[in-house]
Amino acid sequence: MSKNELIRLDGITKSFNGNVVLKSLNLSVMDGEFVTLLGPSGCGKTTTLRIIGGFEMPDSGDLYFGGERINALSPDKRNINTVFQKYALFPHLNVGENVAFGLRLKGVSDRDVEKRVSEMLELVDLSGFERRSVTSLSGGQQQRVAIARAIVNEPKVLLLDEPLGALDLKLRKEMQVELKKLHERLKMTFIYVTHDQEEALTMSDTIVVMNGGQILQQGSPIDIYNEPANRFVADFVGESNIIPGRMPEDCRVEFLGTVYDCVDRGFEKNEQIDVVIRPEDIVLLEEGENSIQAHDRLLKGTVKTCLFKGVHYEMIIETGDFDFIAHSTVAEKIGMQMYLDIDPDNIHIMKKSSLETMTEMEYRLEHDPDAVMEEE
Amino acid sequence: MRGNKIASVPYALWLALFTVVPLVIVLFYAFSDDAGAFTMDNFSYMGLYAVVFFRSFRLAVLCTVACLILGYPMAYAMSRLSKTGQTVALILIMLPMWMNFLLRTYAWLTILENNGLLNHFLSFLNLPEVNIINTPAAVGLGMVYNYLPFMILPIFTSLTGMDESLIEAARDLGCNERQVFRKVVFPLTIPSMLSGLIFVFIPAVSTFVISKILGGGANMLVGDLIEMQFLGGAYNANMGAAISVVMMVVIMIFTAITNRLDSGEEGGVLMS
Ligand SMILES: Nc1ncnc2c1ncn2[C@@H]1O[C@H](COP(=O)(O)OP(=O)(O)OP(=O)(O)O)[C@@H](O)[C@H]1O
Ligand SMILES: [Mg+2]
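Those sequence lines, one after another, are chains F and P. Here the numbering used here is used: the first residue of the first sequence is 34, the next is one more, and so on. Here the numbering used here is used: the first residue of the second sequence is 1078, the next is one more, and so on.
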């Protein structure tokens, strides 16, 4: 992957009917990168993509492509192609002519068109489908035609708006792998939209987490997962236990009344923070298990629920002040007393004051209104 | 399944009573003389009316083509209006259709008459007066005026119902505005144009009254001819039925050809 910046959004703001949808968005995409815009429904992912594609004009801010400002450039003049959410295949053209559409506009000779269309169809595993009607294809096949139709033009950038949204889980997983392979092979820049965090984690070089028209965090999947910038990111990307706490000193964190070792430093003395602990990082130990003697400060709790989730069991462990979600491959009996063992490496500290769009109160009202009411 | 069959009995009866039975009666009349004996004479004598057939057919084709040429741009312009604009335009198109047909046609008479509105207007502008009433042109004008909505409506519906993302996809793949129309919008409206052609051609080819009012005696059409066989001086129900049968066959052939064109589009290599 080369390190040149290809696309830059600089203070992009967009509103519809007085409704601000994008709030001064800044985003930089490197040449050849696989960037995923991830966020809940209505957060402005599609709008961002449409601005890059040229289908919406930003109200203010600048859009750069290879260093050139392209705010007013029409979509046909941008070296960008799109795979639309609902594929948008031309029903009056057969599969071959759909794929050939862009090439014919460029005046590529019939012979070359034929050759490249058949190459593309082979690439997306639809060899010999040239003469089929697009309406006779399954969802997954239509989706692959849509991809072939876009990449046959060899754009610098491919925009994909939830391209796998309509597919069943199995096909979805297969297509994720296919798309990732395609990206590696074509060395194009992919900007991918999804609200499926797992998909984002699997496929991307960079994830951009959005909410309410703003970017909350941008980073590699590992960074986003392990070092979420704030509660929202932690909650949206994977399941997590988020506990308010305090940093009495570097590498020491206090929460739920106990001080633990951790690996984070650089906080002010006694700074109020949020602690993130992923459910799979909690090791459940029974009373009397050997390792317990070494961890006399372990949290103790009662198993409240235990649900089978396929690969693992999901348990809620009640500790009095906080209900933990924990994952384990072993089921525990409801009502059992368990110890929660958490490695210092897996205790992630987030600053309170980071980019959060919701205030603490709004957030809690949305997620746990009862608790808020009780406090008052 | 049984329930469905019972439920469909009234409709089957209706069809039998009002479609099959009348058709059989018409066919019987067409192939018999006034004594009820089988004959082909009704068809062999029809050659006498070749001029009328030709005039009707020519006028219907011209009217249909004119409706397409006028109606497509109108439907397109309407589809580009705002939602309110579209509703207003639709009402304006439909409104005359709610007015009685005879009234509308007599209105044209007062406009086109030799001392009618048109000529008053022309002489007001110091232009030479025209003699248009009682010519095929006047009949054609009346027909286009009456049947134009049947062309506009299906095309308009198809244009406004078009998936916006198809247009965006075309732009995305490199079409400028004009190419979007030529390569995507127009081909996608072809089926609706074909419906429009059928909707206009069928009433146009069997038009009557318009030709009487605006065309005078000299521009008789097949519709008038049939009317004459049943109500006029030339009373001959057998001949009237035979002419109707011929018209039916003409319309069936026209519809079949149009449908063929439609399904031919499906393959889609036509417009590359
Ligand atoms: N053309 C439009 N007119 C009015 N409002 C719009 C328009 N397009 C988008 N919006 C609004 O902007 C907000 C963001 O929409 P957008 O489609 O970008 O969300 P999204 O993140 O793609 O959501 P989803 O995951 O549901 O697709 C939404 O509240 C939506 O209602
Ligand atoms: Mg969207």
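Because the hints were derived from the structure by calculation, they are not lab data. Incorrect hints may have been included.
Said to hold, decoys possible - Here are some chain P residues the structure puts well away from chain F; computed CB gaps all over 10 Å:
(1) Ala1114
(2) Thr1116
(3) Tyr1126
(4) Phe1178
(5) His1197
(6) Ile1209
(7) Thr1237
(8) Glu1245
(9) Ala1246
(10) Arg1248
(11) Asn1253
(12) Val1261
(13) Ile1267
(14) Ile1303
Claimed, not checked - Listed next, with one range per pair, are the computed distances between beta-carbon atoms:
(15) Asp143(F) x Met1174(P): 43 to 49 Å
(16) Glu207(F) x Thr1332(P): 42 to 48 Å
(17) Ser160(F) x Thr1237(P): 57 to 63 Å
(18) Asn50(F) x Gly1238(P): 19 to 25 Å
(19) Ser93(F) x Met1239(P): 27 to 33 Å
(20) Gly161(F) x Arg1259(P): 28 to 34 Å
(21) Asp143(F) x Glu1254(P): 23 to 29 Å
(22) Met1239(P) x Gly172(F): 20 to 26 Å
(23) Leu1094(P) x Ser169(F): 55 to 61 Å
(24) Glu313(F) x Thr1237(P): 22 to 28 Å
No residue lacks a Cβ here, since even glycine has one placed at the ideal position from N, Cα and C.
How the hints compare with the structure:
no.	hint	in the structure
1	Ala1114	holds (54 Å)
2	Thr1116	holds (50 Å)
3	Tyr1126	holds (42 Å)
4	Phe1178	holds (37 Å)
5	His1197	holds (50 Å)
6	Ile1209	holds (42 Å)
7	Thr1237	holds (17 Å)
8	Glu1245	violated (6 Å)
9	Ala1246	violated (4 Å)
10	Arg1248	violated (4 Å)
11	Asn1253	violated (6 Å)
12	Val1261	violated (6 Å)
13	Ile1267	violated (8 Å)
14	Ile1303	holds (40 Å)
15	Asp143(F) x Met1174(P): 43 to 49 Å	holds (48 Å)
16	Glu207(F) x Thr1332(P): 42 to 48 Å	holds (47 Å)
17	Ser160(F) x Thr1237(P): 57 to 63 Å	violated (38 Å)
18	Asn50(F) x Gly1238(P): 19 to 25 Å	holds (24 Å)
19	Ser93(F) x Met1239(P): 27 to 33 Å	holds (32 Å)
20	Gly161(F) x Arg1259(P): 28 to 34 Å	holds (29 Å)
21	Asp143(F) x Glu1254(P): 23 to 29 Å	holds (26 Å)
22	Met1239(P) x Gly172(F): 20 to 26 Å	holds (21 Å)
23	Leu1094(P) x Ser169(F): 55 to 61 Å	violated (41 Å)
24	Glu313(F) x Thr1237(P): 22 to 28 Å	violated (52 Å)
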